[in-house]
Amino acid sequence: MASPVVVALDGKVSTFSFSKVDREKLYGKRERVVVDETGAPCVGASLTTDGGAIIPPGGLAYAYLDEAWDTLDRSELKAVDAAGAAVPIAPSTLGKEQPLTGPVDPSRVLDHTCTTVYELRPEEVSEALAAALAAGSVFETRFNYRDDYADAAAFLLANDQGTFLLVGEPSRFEMLRQEQQPADLGEETEDTDDLDFGMM
Amino acid sequence: MARLIPLMDAKKRDAHVAAEWAKKPPALKMVGPSGTPARLERLIRTTDATAYDALLRAHGDDAGVARALIDGDPEIDLHLVGRRLGDAARVYLRPDGAVLSVARVLRVVRGPDGAERSREDFLDVEATLAEESAPMVWTGKLVPIGEAIRKFAFTKQLQLRHVSGLTFQFLYDIAKELHAAKKMVFVGTGPKGQGPLIFTTNGAPYRGFLEGRVDGDAYRLVLHLSNLELKSTGGAS
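From first to last, the protein sequence lines are chains A and B.
Under numbering that gives the first Met the number 0, think of the first position of the first sequence as 0, with each following residue one higher.
Under numbering that gives the first Met the number 0, think of the first position of the second sequence as 0, with each following residue one higher.
Hints are computed from structural coordinates only; laboratory data are not their basis.
Certain hints may be false.
[Said to hold, decoys possible] Using 30 angstroms as the maximum straight-line C-alpha spacing, the simulated DSSO-like pairs for lysine-lysine come out as follows:
#1 28/A <-> 28/B
#2 24/A <-> 230/B
#3 150/B <-> 28/B
#4 24/A <-> 28/B
#5 150/B <-> 23/B
#6 11/B <-> 24/A
#7 175/B <-> 191/B
#8 28/A <-> 140/B
#9 23/B <-> 19/A
#10 77/A <-> 28/B
#11 11/B <-> 230/B
#12 11/B <-> 11/A
#13 24/A <-> 175/B
#14 77/A <-> 95/A
#15 175/B <-> 19/A
#16 23/B <-> 95/A
#17 95/A <-> 230/B
#18 175/B <-> 28/A
#19 22/B <-> 77/A
#20 150/B <-> 28/A
#21 22/B <-> 28/A
#22 230/B <-> 22/B
#23 150/B <-> 181/B
#24 22/B <-> 19/A
#25 150/B <-> 11/A
#26 182/B <-> 19/A
#27 95/A <-> 140/B
#28 22/B <-> 11/A
#29 11/B <-> 19/A
#30 230/B <-> 23/B
#31 140/B <-> 191/B
#32 28/A <-> 230/B
#33 28/B <-> 95/A
#34 19/A <-> 191/B
#35 77/A <-> 23/B
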């Protein structure tokens with residue numbers, strides 16, 4: 000079981016257990032299934048470009064290679080940014096007290112693209128935080144599931160369904176003036192997810 | 000890169016404007032101990048001839064597979080193991096491992112409990128919002144921002160941008176109206192705007208809300224998309 004989400008508002012600590020909220024849990028899912036003429040499900044596989052081999056599911060391994068084609072152990076790898084500067088690993092925030100800032104303006108949430116939603120279940124919540132959430136306040140903190148490079152903003156809020164933590168990436172949209180026009184109009188691809196009308 | 004989409008305002012005027020997805024942060028690169036670039040490769044580990052199912056078919060049962068493993072290395076194709084996969088074609092395998100030549104594609108619907116609800120032939124679902132489609136409709140349903148963010152997770156965002164002086168004023172006015180009201184407006188497709196926003200064939204359907212901000216002579220109009228409500232999953236982990 001994962002360590003809890005621990006946050007502090009004005010020095011008062013609150014602790015929540017959590018679970019991820021996703022479409023499959025709420026609405027179920029619609030999936031594409033390929034079957035043969037008897038209706039038996041078939042599995043996808045990869046055919047090599049020379050047609051010499053078929054790689055079944057689970058038949059691939061992923062490995063980091065250097066310029067000499069030698070494999071590199073993941074523990075040896077380091078991340079760098081576009082300028083080549085080393086990026087430090089951010090520690091997991093789970094089980095560690097994270098300060099809450101706010102209440103923040105609700106539009107602050109809209110400055111981020113939500114990547115993950117967690118439902119929080121209170122284990123020990125300060126009266127002040129419980130009252131503020133019940134009144135509709137939104138608080139900001141940081142969230143990182145495990146030690147990695149993905150430290151992100153997270154927003155704590157509540158509704159009549161429960162308490163939620165919304166993790167997001169800044170959307171980085173700019174204010175536009177008349178002289179700013181899009182330079183590049185054309186076809187753009189969007190992520191295509193499984194077809195699902197569960198909430199429609 | 001932006002795309003053109005048709006948009007209708009509160010006065011039922013419509014115009015084509017540019018829409019641009021939120022920019023992803025620059026990806027990090029991985030380097031080895033000496034600082035040289037490391038690249039992630041897909042390498043062949045097993046083929047359909049050396050996988051467990053194939054060995055079981057060839058040797059009858061687990062005992063037969065075990066004997067074959069003691070006698071030799073039937074699970075390893077020394078010519079292929081470790082080779083880079085590169086570009087590969089997609090094929091489907093029947094339960095007996097044979098390549099499927101004529102595929103039938105079904106859409107299977109499962110409920111939150113995983114139980115199958117329906118099974119039917121898969122039919123393409125066309126995009127509902129594209130350059131040549133009917134405009135995205137302003138429903139007039141205004142929702143306070145604080146209420147919207149507590150009801151929906153906005154998992155995609157598009158910034159709407161002007162493509163001319165006229166569309167600058169068009170979008171600026173929409174942003175100004177929403178900014179003053181401190182609300183978002185529900186937008187959609189279909190005659191009454193109740194239809195989902197689908198941007199590509201078989202793409203995910205979304206609900207859309209426009210949010211506007213103005214600062215002097217500058218504006219920001221963002222289409223926030225959601226396909227996930229903030230609802231309890233009842234403790235499912």
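For each hint, the structure was consulted:
1. 28/A <-> 28/B: 34 angstroms, violated
2. 24/A <-> 230/B: Distance ~10 angstroms between residue 24/A and residue 230/B Cα, so the pair holds.
3. 150/B <-> 28/B: 36 angstroms, violated
4. 24/A <-> 28/B: It is violated: about 34 angstroms lies between the C-alpha atoms, which goes past 30 angstroms.
5. 150/B <-> 23/B: Distance ~25 angstroms between residue 150/B and residue 23/B Cα, so the pair holds.
6. 11/B <-> 24/A: 38 angstroms, violated
7. 175/B <-> 191/B: 23 angstroms, holds
8. 28/A <-> 140/B: 29 angstroms, holds
9. 23/B <-> 19/A: It holds: about 22 angstroms lies between the C-alpha atoms, which stays within 30 angstroms.
10. 77/A <-> 28/B: 8 angstroms, holds
11. 11/B <-> 230/B: 34 angstroms, violated
12. 11/B <-> 11/A: 51 angstroms, violated
13. 24/A <-> 175/B: 38 angstroms, violated
14. 77/A <-> 95/A: Given that 30 angstroms is the threshold and the Cα spacing comes to 24 angstroms, the pair holds.
15. 175/B <-> 19/A: Measuring from Cα to Cα gives roughly 36 angstroms; hence the hint is violated.
16. 23/B <-> 95/A: OK: residue 23/B and residue 95/A at ~28 angstroms, within 30 angstroms.
17. 95/A <-> 230/B: Distance ~26 angstroms between residue 95/A and residue 230/B Cα, so the pair holds.
18. 175/B <-> 28/A: The hint is violated at about 39 angstroms.
19. 22/B <-> 77/A: 24 angstroms, holds
20. 150/B <-> 28/A: 21 angstroms, holds
21. 22/B <-> 28/A: 28 angstroms, holds
22. 230/B <-> 22/B: 28 angstroms, holds
23. 150/B <-> 181/B: Given pair residue 150/B, residue 181/B holds - Cα atoms ~16 angstroms apart, limit 30 angstroms.
24. 22/B <-> 19/A: Roughly 25 angstroms separates the two Cα atoms, so the pair holds.
25. 150/B <-> 11/A: The hint holds at about 27 angstroms.
26. 182/B <-> 19/A: 28 angstroms, holds
27. 95/A <-> 140/B: Distance of about 42 angstroms is beyond 30 angstroms: violated.
28. 22/B <-> 11/A: 37 angstroms, violated
29. 11/B <-> 19/A: 40 angstroms, violated
30. 230/B <-> 23/B: 27 angstroms, holds
31. 140/B <-> 191/B: 11 angstroms, holds
32. 28/A <-> 230/B: 16 angstroms, holds
33. 28/B <-> 95/A: With a Cα-Cα distance of about 28 angstroms, the restraint between residue 28/B and residue 95/A holds, given a limit of 30 angstroms.
34. 19/A <-> 191/B: 34 angstroms, violated
35. 77/A <-> 23/B: 21 angstroms, holds
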